[in-house]
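2 protein chains.
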Amino acid sequence: ISKIMAKVIELFKKTKKLAKDDPRRVVHSLKVGLAITLVSLFYYFEPLYDGLGASAMWAILTVVVVFEFSIGATLGRGLNRVLATFLAAALGFGAHFLADLAGDTAQPIMLSLSVFFLAAITTFVRFFPRIKARYDYGFLIFILTFCLVSVSGYREDEILKVAYRRALTILIGTFIAILICILICPVWAGDDLHSLVSNNIEQLANFFQGFGVEYSNEWKEDEGIVEGFKSVLTSRQTEESLVNFARWEPGHGTFKFRHPWKQYRKIGSLTRQCAYRLESLNTYLLAESQTPLHIRDQLKESCSKMSTESGKALKDLASSIRTMTLPRLPNPHIEKSKAAAKDLKAALKIRPCNSSIDLLEIVPMATVASLLIDSISCIEK
Amino acid sequence: ISKIMAKVIELFKKTKKLAKDDPRRVVHSLKVGLAITLVSLFYYFEPLYDGLGASAMWAILTVVVVFEFSIGATLGRGLNRVLATFLAAALGFGAHFLADLAGDTAQPIMLSLSVFFLAAITTFVRFFPRIKARYDYGFLIFILTFCLVSVSGYREDEILKVAYRRALTILIGTFIAILICILICPVWAGDDLHSLVSNNIEQLANFFQGFGVEYSNEWKEDEGIVEGFKSVLTSRQTEESLVNFARWEPGHGTFKFRHPWKQYRKIGSLTRQCAYRLESLNTYLLAESQTPLHIRDQLKESCSKMSTESGKALKDLASSIRTMTLPRLPNPHIEKSKAAAKDLKAALKIRPCNSSIDLLEIVPMATVASLLIDSISCIEK
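Chains as they are written, first to last, in my numbering: chain A, 136 to 516; chain B, 136 to 516.
Hints are not guaranteed to be accurate.
As the list claims (entries may be wrong) - In silico lysine-lysine, PhoX-like type, Cα no more than 20 Å apart, as pairs:
#, chain 1, residue 1, chain 2, residue 2
1, A, LYS401, B, LYS365
2, B, LYS267, A, LYS148
3, A, LYS267, B, LYS152
Said to hold, decoys possible - Computed footprint of chain A on chain B, listed as stretches where at least three residues anywhere in the stretch have a Cβ under 8 Å from a Cβ of chain A:
#, stretch
4, 206-214
5, 236-248
Think of the hints as simulated: they come from the structure by calculation, not from any bench. Note that the coordinates shown come from a computational prediction; the quantities given were computed from them, not determined experimentally. Note that CB positions come from ideal geometry on N, CA and C, so glycine has one too.
Required output: the full structure, derived from the provided sequences and hints.
What follows is the structure, encoded as structure tokens:
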């Protein structure tokens, strides 16, 4: 029994952490509950139910399936669903009437053939990477609706009336989902993307600054900092989906409609390239801390200066992305850190080496510079 | 018109490439078409339709939604769908009967409350990372079915009969989807994962060997090789989902049930760590090829030997993963490349430096060694 108790307590702790990490999760859950409850009211009120009948089911189905965490995702799914439903229903009717003309025996064969080919072709289209990213759900619904309309048309006589009611309920469901998603504590994917990107840059800056301070002493992994930039390494997937969601969103706050979201992908991949370098640097430092002390002392100063200044430059960059202003150019911190790098190179030429650690940092410098240049063009757009 | 023609031709080319890159895509599309057509036969044959009625629609819906590219994904979705449907239907009936007891006016309120809380809690549960990875779809279906059963029970009198028919059609749909997925040209996610992992290691090996040969001459980016290891950098997402799918699969071919799929995740992340290093090395080489020639000549031999031997060791590793045999241990290539690394270090101690390029490679060596050790434990399992 005590084992079970321990597990329950652990579960409770995990739940609490999940809710604390992002309180919007709790709000989102309540929003979903609210939307579904609202839609289910159709069943309880006589006048509403009379208009829609059993099709009211489709409204519930739509809300459950369409409601997503961010507004962009919900809008994308909703639009996909509505457009695909209407398009597929129209095509389905077409196939149905054509098959009707062909006579009673040929009808099932015609229908089967059209279903087979349409399903196969649409499934193949879903493999195109661009379509997969934004319209995957739409194509799924397209197959579904086409099959339902064309095939069930074979049995039901009132097919037009049924289709009309279903389309109406799907519209209502999508509308309610989007409305609640936007009106109550909205979560914009664009905002999330924006802060993810600037956050990632800041993580790198933290690493540089932490390195700058600690290089003078024994280098040891500071868990917070290292975890920070490791999370940058694996952020690609989140970033990618946020970009796709953000592109569905209308203008909001400081972001105009058609904000250049794709630029964020570029900044993100530059940031990750820089993070790859830090990752090598980090393992390198952990492995090779046996550099003789006297050499180290000579290089210490320019090393930690270079690193600290790089960190400051990155911090500037992150905050200028956050506030959407142009970064100062040329950035004084970058200049200083370039100068420090030059000093270091000079020092290395005289001295015997074994301190290649430091040269490694010149590469991040180049990346920082290119990051800067790129981000300017982005913010200007 | 010529513009449109050009676009059509381009589209055609892209389609051809997509089909050529992985012919299984075409087969998959045809399989989906076949499965849906089979299911729609329920509508055409009198005796089949009489047993199921309009619920036959749910069979089509199930096939469209459950049928995925790999067997693991299809099984996962199918099991999720079936289990969630039954569980939610049972709970929905419970809620329905409880609400029935409460009397006519209280019934809608009771139902609304239960729908609200269940939807909110289930939505929150979907945020748990582990559940999201494997049971996300099941929880979605759970909300959906619970709402449909408990709410529509308010209107329909024959609710048990309707529920029985729907459950039956969902079972039939899932069964047909899984059957066709397994019987016709099966695509095992486990196989894909296995070859992805060994392929990634081989890409790294190619880079090492290419580097070993070319270092003697001017270093230039060989596009094929560089693209090869860049693809390793971004393979995390694919790997992750393949692991999740593979865990749904029963034993097949040389893989037993409960094959240690999670180990592949470890190997994959070690491979990526090695790839990060190569990425730094690569940019570094592109930036700094001004090393004086006489120094270069001295280091050339041990460098290219080290690199080539590392490449060979990785190739060995990749092929031993592919054939699922234990790698030879200690691997002679690793020994040779470690020896070369030692030579290099010694040479650097005497010489003035500016060739820190080479030291960078010691880090990959360490990674290679740890890769080896880790993979042995994996294959043994």
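Hints versus structure:
At most 20 Å may separate the alpha-carbon atoms for a hinted pair to count; A/LYS401 and B/LYS365 meet this at roughly 16 Å. Under the criterion of a C-alpha separation no larger than 20 Å, the hint pairing B/LYS267 with A/LYS148 is consistent with the structure, at around 18 Å. For the hint linking A/LYS267 to B/LYS152, the alpha-carbon distance of about 16 Å falls within 20 Å, and the restraint holds. With 0 residues having a Cβ less than 8 Å from any Cβ of chain A, the stretch 206-214 of chain B misses the three-residue criterion, and the hint is violated.
Look at the stretch 236-248 of chain B against chain A: 3 of its residues bring a Cβ nearer than 8 Å to a Cβ of that chain, three or more, so the hint holds.
Of the numbered hints given earlier, the model fails hint 4 alone.
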